[in-house]
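Enquirer: The lines below spell out each chain.
Number of protein chains: 2
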Amino acid sequence: MTAATPIRVALIGLGKIARDQHLPAMAADPRFALVAVVSRHAQQPGLPSFHTFDDLLASGVAFDAVALCTPPQVRHGLARRALEAGKHVMLEKPPGATLSEVEDLRQVADARGVTLQATWHSRYAPAVAPARAWLEGRTITAARINWREDVRVWHPGQDWIWEPGGLGVFDPGINALSIATAVLPRPFFLTEATLHVPENRQSPIQAQLAFVDTLGVPVTAEFDFLQTGPQSWDIEVDTDGGALRLSHGGARLWIDRALVHEQPEAEYPGLYARFAELIGAGQSDVDVTPLRHVADVFLLGRRVAAPAFIE
Amino acid sequence: MTAATPIRVALIGLGKIARDQHLPAMAADPRFALVAVVSRHAQQPGLPSFHTFDDLLASGVAFDAVALCTPPQVRHGLARRALEAGKHVMLEKPPGATLSEVEDLRQVADARGVTLQATWHSRYAPAVAPARAWLEGRTITAARINWREDVRVWHPGQDWIWEPGGLGVFDPGINALSIATAVLPRPFFLTEATLHVPENRQSPIQAQLAFVDTLGVPVTAEFDFLQTGPQSWDIEVDTDGGALRLSHGGARLWIDRALVHEQPEAEYPGLYARFAELIGAGQSDVDVTPLRHVADVFLLGRRVAAPAFIE
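Chains as they are written, first to last, in our numbering: chain A, 1 to 311; chain B, 1 to 311.
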């Protein structure tokens, strides 16, 4: 790809994440040109806008790739049709409502020779790569994830988050797992989980998870959607060479309580840079590890009743 | 492998499935020799018996392979150590308590160049292969799974089945999914699920599942653990060439209500024949599709409260 021939993108699903992140990231990257928008309700001034993907296909507007920002429950059908039409596809996180459908998309992309990218934006937080590098070669003795936020502040009116497939506190929690699986050097496996589910909802509002890695090192996670006061999106790792702390969702890196890395946030520009690179190389990047961990939690977790959640 | 050098197997976990199926299947197959048993409580007369896998390793008893018949919750650690010790491993179903640990075992087996077999015994029911062959080339319009049994008859006293990870009605239901994924020609994906969970238990006692395949064909499943009277382990497939029915858990094949295939049950001999074949060829067979579907169901399913289950 050269600057002279940008990748023409159709964006599907014009919700908050599309407007806040995808539109500015694409506008700032000369390798991409947004050429159309598909949304049931919204329009984007100055761009061809369509109510359905069928309408876009029928329009004759030429495009090379699709950025899929719809809720996960309708992502598979759209992604499959785009891949079958020979388009590259970027999937917002989580990459699907089920693991089986993501596996299917991977196979379709491979068969069609197009790029499929399952994105985990938190992995592009500025301190994640430095944290991974710092941990390499050190002996880890324990890791703790603390992801505590106030759902009323960060997800106001998002009733879908409590529905089946909405994942509850794992909607932010999967970001923590995407970082932990990127910075810790060995895979880890769930051994026990407790899920606190409000009596009037389907999805957990709090969770405690216990994992163990392939050398027996404990990795624990505490997810809380009812945190008022200070919010925390932290991962702490104890090593023989000191204590690492990734705070602010991967934005800041601390070693033994000293701030050693802080850069401006640029997660979505990073995702699009990677998308351009994958398309250029004719490759896909479909890592389901974070979603598989969440599925494992739902499969193996013990559910306990929590008080009703009323927003 | 030749008859002169049988594969020496250590069997771990001497419960009902080991005694009912694994011991007779190995005894009848000259390619295998059972050389040791590991069980916390039981012994096998005439064979070296050990309380732990460590005791077996320390004993100096030589063995080539392990058949793992313990509950899934403790399978990963044992399997990993056996693979790391260069032993081939057969996993009873389900292959693990989580998908992540099965993926890990697959990677360890590949790295060590030993055979890992995730077994799905129902796929070796006598009418499964004929059903798959009959469906090839026919146009399928719908498929229905009906798996209804009386838990009090088939799982008396098995409290573990109701615990987290015990899978409830999916303990038999995963057998249905292992057959359906073997006979239907295309992958299918969960779109909706309802899980009925007794108010005093963790795992579902009844479930309704709706899948769709890659051509939009509906696949539905009805799992029931409270079926009294006639039991059913049936899969029905409607096609342009007639209606197929696999009954009795894959033992009998019916086309348009006429019985066309019925052979004596030989599931575990089939599994061991396959294990010998894989070891001979230096290959593994780790298909997680049935377990992934169950994880998808727990991830996406809507839970409704059911009356307390008291055995």
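Hints were generated in silico from the structure; no laboratory data involved.
Please note: incorrect hints may appear among the correct ones.
The list makes no distinction among identical chains, and a pair is therefore deemed to hold if it is satisfied within one copy or across any two copies.
Said to hold, decoys possible - The calculated lysine to any residue pairs, modelled on SDA-like cross-linking and capped at a C-alpha distance of 20 Å, are:
1. 93 - 21
2. 93 - 217
3. 93 - 288
4. 87 - 51
5. 87 - 214
6. 93 - 24
7. 93 - 228
8. 93 - 191
9. 16 - 185
10. 16 - 86
11. 93 - 251
12. 16 - 84
13. 93 - 310
14. 16 - 269
15. 16 - 110
16. 87 - 274
17. 16 - 206
18. 87 - 254
Enquirer: Determine which of the earlier numbered hints do not hold for this structure and return their numbers in increasing order.
Expert: 2, 7, 9, 10, 12, 13, 15, 17, 18
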